[in-house]
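Novice: Sequence:
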Amino acid sequence: MALPINEQETIELKALGIGLYFQTGRNEVRIDRLSLDQKRHNLTETIVEVYEYQKWSALLIDWKASRSVTVRLPSKDGAGNSLEISLGKHQQVQPLFDPSKEDTFPWPCGTFLYEVDIGGQTYYGAVRIIPHHFSKKQFNRIAEYLEEALDGLTTNYYQDVSRSLSPEQLMGESDLLFSRWLDRSFRKLTIALDWIEKENQMNVRRHYQVESHPGRMDRQSVKWEYSFKGAVMSGTKFYNRKHRHDANLPENQLVKFRTKAILKRMDTLIQTLEQERLVFMGEQEKLKSEIRQIQSDRRSPLHHVTSRDQTLLKNKQISKEKTQEAHGLKISGMDQMLQKVKSYRQQLRYVIRQGFWNDVDDVHPRVPRSVQSRGYISFHKLWHELEESGGRKTSPSTPSKGSPLFHSTGKMYEYYTLLTIVQLITERGFSFKKDTLLGQLQKGYLHSELQGGTTVVLENEDLELHVVYEQELEHRSRDAIANGTYFFSKFRRKKPDIRIDYYKKQEDVPLYHSSIAVEVKYSPLRNIYSPDGNTKAAEQMNEYVGIKYYCPIRKSFYNRIREVLCVYPGSRAEPVLLDTEAGKFVQLYPTEDGAVGMEALGEVLDGWLDPEVW
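Heads up: the sequence shown runs through residues 1 to 614, numbered per my numbering.
Calculated directly from the structure, the hints in this document are not laboratory data. Everything hinted at is true.
In silico DSBU-like links for lysine-lysine, alpha-carbon gap of 30 Å or less: (1) K505 <-> K584; (2) K320 <-> K288; (3) K548 <-> K443; (4) K330 <-> K342; (5) K39 <-> K137; (6) K548 <-> K322; (7) K314 <-> K286; (8) K548 <-> K433; (9) K490 <-> K443.
With the hints as extra help, turn the sequences into a complete structure.
Specialist: Following this line, the structure appears as structure tokens:
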């Protein structure tokens, strides 16, 4: 039976007698069509929208037969494997996300690809995840705000599956696109270069050479014989006609110029991967050292240490071992990618350095001739595909230049809160110490996101404020002193999303004064606060009060968490600031003329920084 395919190479499911739906919340979103390939213009025809944090299921209705359908989506943990579900007569509905069982929506906002297998044939569709607690306008404002601070801060390259279900997860968007282009097009590229070389066997140029024996003669040869020079050499030298292949043509110069550009882009990708690999190797060595120290501590006599402390040490070791395992997988992935790209580079270098291409200048000709033969058409088509994909560029692209897969909205909201706090501090007369905001953020920016411990330092004449992102504190003071962080906590939860540290300058030396701990929750107030008892968020806030600091200059310990804040999106139906025994709950979300909550946060900062208060 002929498939119901339209000009865009998409298939209508209704014509197959199949109804495929995504149930999102209380709505059913029908999937009308799927694509036969992964071409962007075809996938655009298949896009359906699903809201994050709402119950999400897949539903199959088969009107003609008892067929089974397999749906594959990106895995929930962001790993290379896909999440696969089967739908059929005996299992028509399969859950994908249930908010009653899962606290965090596992897929980021943005558009990604999924696969559907029907009768042994694989089709492709695209689903767009829409933010739940923000409108589209608010979400876009947050994305623009983050991109102004640091290009690429919004995009989740680890889970960028807009074109593939198994992306290389360690690369920036441009590198990722270039890598995919190589995998898809490299063989076609070498074939096109081979075709061009064979087609040029027909391009010969006539020239003449003076030789001691007669060869091919023509009118130009006879004319030479009757010239003065020919008459002198008459009978001893002959002006013979020759033909030779002419490779150094403008159209070949353009091909070689662009091929060298592709080689240069490979060099850049290899250099980037090698640098990132070194960073991960360094992190691996650091983790190995920390794990060895914890193992040593656990083996030492701990009679005077509580069982709770021993459990915390054990959990810390397990956490670091999991991180070490994850780093190992990343390093292995980079090794495979390096080996693959280096092989591509070696093959292309070999081709371009051979006799034919060696005779071609790698310059961009002023007026390259348009040649309508198979080799040239194929090569330039591949080149234009690379340009259109964005893989030839090495700078990060912004959200407006395509359809990136964003970080989870919760992660983006954390970044938004961090930058809003920095903005409020600058509005109070503080400036960035030693570097710009961009420069300080870039120091903690690695593999598409801010790393834990990223710090923005601001100062005025008398004070220094350190805005620290997701720094995990040590459990013991001796470890904090040894690694130079000086903050520690005996409680289980000891990594606030943001910590603001206040230092007073004495003789130009900053001495610790106090801190504010900020927890960021992308959640409605009803999920994070209850007047009847502690929520999980309230328990976290209560434990942040236990954060302590050791001053290496004064040789003293300080316990000065002055405020604990919980920032959340909120709504107009609730107070902007709610003061509770666990801390202050503050709304923060963007509007057309600013943001709700900035005034309340500013008042908290003003009260904290007021020298008369302390």
